[in-house]
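Go by the hints and put chain Z with the ligand onto chain C.
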Amino acid sequence: MSTEPTIFEKSRSGRVGVQMPTCDVPVVDIQDLLPGVALRTSLPLPELTEGDVMRHFLRISQKNYCVDKGFYPLGSCTMKYNPKINDVAVQMPGFARVHPFQPEETVQGTLQVLFDMQNWLSAILGMDAVSLQPAAGAHGELLGLMLIRAYHVSRGDAHRNLVLVPTAAHGTNPASAARCGYKTVPINTDERGLTCIDDLKRQIAACGDNLAGMMLTNPNTVGLFEEDICLICDLVHAAGGQMYCDGANMNALVGTARPGDMGFDVMHVNLHKTFSVPHGGGGPGSGPVGIKAHLAPFLPVPVVVKDDEGVYRLNYDLPQTIGKVGPYYGAYLAVVRAWAYIAHFGKQNIHMISEDAVLNANYLRVELGKTIDIAYDRICMHEAVFSLKNLKAQTGIKALEVAKRIIDYGYHPPTMYFPLIVPECLMIEPTETESLETINDFIQAMEKIVAECFTDPETVKSAPHTAPVGRIDEATAARNLDLSWPLEA
Amino acid sequence: MSYLPNTDAERGKMLAAIGVNNIKDLFVHIPQAVQDAADYSGLTDSLDDLTLQRKLIAMSSNAADLNSNACFLGAGIYDHFIPPVVGSVCNRSEFYTAYTPYQPEVSQGVLQSIYEFQSLITRLTGMDVANASMYDGATALAEAVIMSCDLTKRRSVVLPANLHPSLRSVVETYLDPLGISIRTAAQNQETGATEIDTLTENDACIVLQQPNFHGVIEDLGAAVAAAKAVGAQTVVSVDPMSLGILETPGSLGVDIVVGEGQGLGCFPAFGGPLLGLFACKKEYIRRIPGRIVGGSVDTSGRRAYTMTLRTREQDIRRDTATSNICTNQALFALAATVYLSVMGKQGFKDASTLCVQKSHYLAAKLAAAGVAQRFSGPFFKEFVITCPAPVVDINKALLEKKIIGGLPLPGAPNEMLVCVTEQRTKEELDSFVDVLASFVKGEVA
Ligand SMILES: Cc1ncc(COP(=O)(O)O)c(C=O)c1O
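Same order as they appear, the protein sequences are chains C and Z. Using the working numbering, read the first sequence as starting at 1 and increasing by one per residue. Using the working numbering, read the second sequence as starting at 490 and increasing by one per residue.
FYI, nobody ran anything at the bench for these hints, they're computed from the structure. Don't take every hint at face value.
Here chain Z is said to cover these stretches of chain C; the calculated rule only asks that three of the stretch's residues, wherever they fall, bring their Cβ under 8 Å from a Cβ of chain Z [claimed, not checked]:
| # | segment |
| --- | --- |
| 1 | 123–129 |
| 2 | 200–211 |
| 3 | 237–248 |
| 4 | 312–319 |
| 5 | 409–422 |
| 6 | 443–457 |
| 7 | 473–484 |
Yeah, the Cβ is synthetic: ideal placement off N, Cα and C, and Gly gets one too.
The following block holds chain C by itself, in its conformation from the complex:
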């Protein structure tokens, strides 16, 4: 595919892309309107027609792989189909074209979506209340930890500053803990692929009364359900800690089981994974936080309530609130999309999400497990984790190279090298919206690639061959930083 010049190279002096209106009020000299204010003398923006702009972005769009084109088996990311009714909904004026500071009476339909979602997510997560304010999963983690901290502080336990985080956890967990002023204590994973209970007990004892809580992903980051979850929660609670659930893997549980019933006190869920909000090339997402009642006094403001007359209102009157983690009411349009996804399934069919997601993953685990090694040989949840350690020992080919070769077969690569505890890790998550044919085709492609590792290793090592660009020199990118197009002299 040919290189598309930057938008700056396509600029031609004098071109206009939007014809602005002539000013319909009497024009006054700007210097007179803004006396003493420093004004800019140049505005180095490009000059193009609307057609130039459309063509440029359409051309670069063709260099992306996307869910609407094919299978995107990224583990931990839940790349499910993004229903098109959602795209229609987010253009509707009562959602897209309303201002957050409009009087409540003028945004009743707008508020209803938030009110419903607070309730629906509470029901799905098994929690007592939900804040829709966080903009993504990591943002939800930070809010959840802040709520835990506020709870401890309110009980005179401000000294509790240690959080248990499995070594297998996503990087956002320890990073969020640090942002909350907490120190993390790593917990090991045992040979089952589950939290090592002995290590947990040891670390809890070592924390003493400084334990603030534990962050646990369940199903965990190797795609397995933490079957000792009730015991884990009991141990942490007995030591005075709170249990945080990283709900990134909630797709395995929706409609089947609820973290709130397992003993978790607080959790986030990623609407951009579990509830069909598209990933947008990296965002925006939405990371609502569910909590048990004892954390409710500390929720960020406002929360949406329905008064006795059935009118939706924004309640700012929470005297113990931690404040705000976002400026308004969260990623509103993402919440609208998730509303539509949940309403489509409803209470009758919501269980089908987790059932088909887990069925597809286990099918893939068993069938692909005939070709490459499964990391932990037991029933998995919504994703299956493989280790190419043996393949590498036999052929010298790394997980990264296999992943790149998958591109040549028309798929996006799976997640690789996460979690770090699995050597030469490939994590595959098919989601509920992929068909048996797609999964079978993918398995066949993987079989061919593994055969190539033995018969034609050079082709695998130099992959991809059919992508818009080949392997990229990341060392050069980091050494000779080129982070913006230079200004024309």
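Then chain Z with the ligand, alone, in the frame of chain C:
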């Protein structure tokens, strides 16, 4: 179910291949008591596709939207014009159904758009480097303040009294667990600008909002000089639309520039999702939060883009990362990139200039009708007026004329923050004045 391809026959085949009899056998690791406790009766009934669409239309219709009403509300979220091509690009499946570009070979479209976004933001702000976006202007400001504390190794920051209350609240919430203390710089009650004389050698930075919450344009140069004198930094939260005409923070010596990018091609959308802008001097590049895209070459020497300086990020550095941010606002960064490209040098300047002209026309007409401006300092598109009646009452009268009035200021029920964008017509401005004039004359009780 419209999105689930598995048929019952296929489910049976797959269960057999796995070697279990029943779907429930795949959930055996979940304690039975936990499964039994699950109760979904609080959910809606399942809606068919037609009913779902009808229901969404009904809810959306139960609101006074900005298509049918002229908006004079601002305070951080703005009703700026969105060129149609922004939607045409952002609604391409290739962009909105892609993941974060961790696999650059199949993500060059997203990566190039972010590189162009970073380039446009540096040009707009006059800063050296910009990142690939933050959640919103408020968290971007909180991150900037924390970065400034890290860089200066100081644990106190100065916020202006006239900082947007939501921004203030988010910054306070972020700083509280980190033990960073906040002092407040007073507002000049005459001009509305910040009094910059309270900095000490313990302060990491002074923050200014440009224009400030009350719409007044601040003297960034003076803040930079005061900060430099005590070895502190200057952090500015800027309305990017104002940069169509205002001098860049970069050339005035500001260290870190953040802002809310919603006005650059994103819907008001009841306040979310938004677009956090983050730019700074290049010497701070290794402390920047969030993703950064860089240019490079591929194996055959072709220009290509990739995420770079990754060792700052949470997936590699974990608890010592520069931030916990992972998912950001890539699609809205794309919207802003398309917006700035199509508005271009002329269109963007025109939009910015129209904001100044029209808002000043309205202020002058209101003054002539007996509604005075609260502050005397220069303003861009927003200003505070002292109303002859409580703002909530005036807004009810305005709504009858299909006008969404300005923001009643917290703690000052008769003061209204009015916003005028390039979208407001003379006719709308004049009817706004008419309604306020009727209150001045006492025609409305
Ligand atoms: C297990 C896990 N936790 C947390 C996150 C962070 O979520 P977000 O990217 O929405 O901030 C992710 C996302 O990749 C994840 O997979």
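Going through the hints against the structure:
Proximity of the segment 123–129 of chain C to chain Z, defined as three or more residues with a beta carbon under 8 Å from a beta carbon of that chain, is established by the 3 residues found. Under a criterion of three residues with beta carbons nearer than 8 Å to beta carbons of chain Z, the stated coverage of the segment 200–211 of chain C fails, only 0 such residues being counted. With 0 residues having a Cβ less than 8 Å from any Cβ of chain Z, the segment 237–248 of chain C misses the three-residue criterion, and the hint is violated. Under a criterion of three residues with beta carbons nearer than 8 Å to beta carbons of chain Z, the stated coverage of the segment 312–319 of chain C fails, only 0 such residues being counted.
Look at the segment 409–422 of chain C against chain Z: 3 of its residues bring a Cβ nearer than 8 Å to a Cβ of that chain, three or more, so the hint holds. A stretch counts as covered by a chain when three or more of its residues have a beta carbon under 8 Å from one of that chain; for the segment 443–457 of chain C and chain Z the count is 0, and the coverage is violated. Counting residues of the segment 473–484 of chain C whose CB lies closer than 8 Å to any CB of chain Z gives 9, which reaches the minimum of 3, so the coverage claim holds.
Violated hints for the displayed structure, listed by number in ascending order: 2, 3, 4 and 6.
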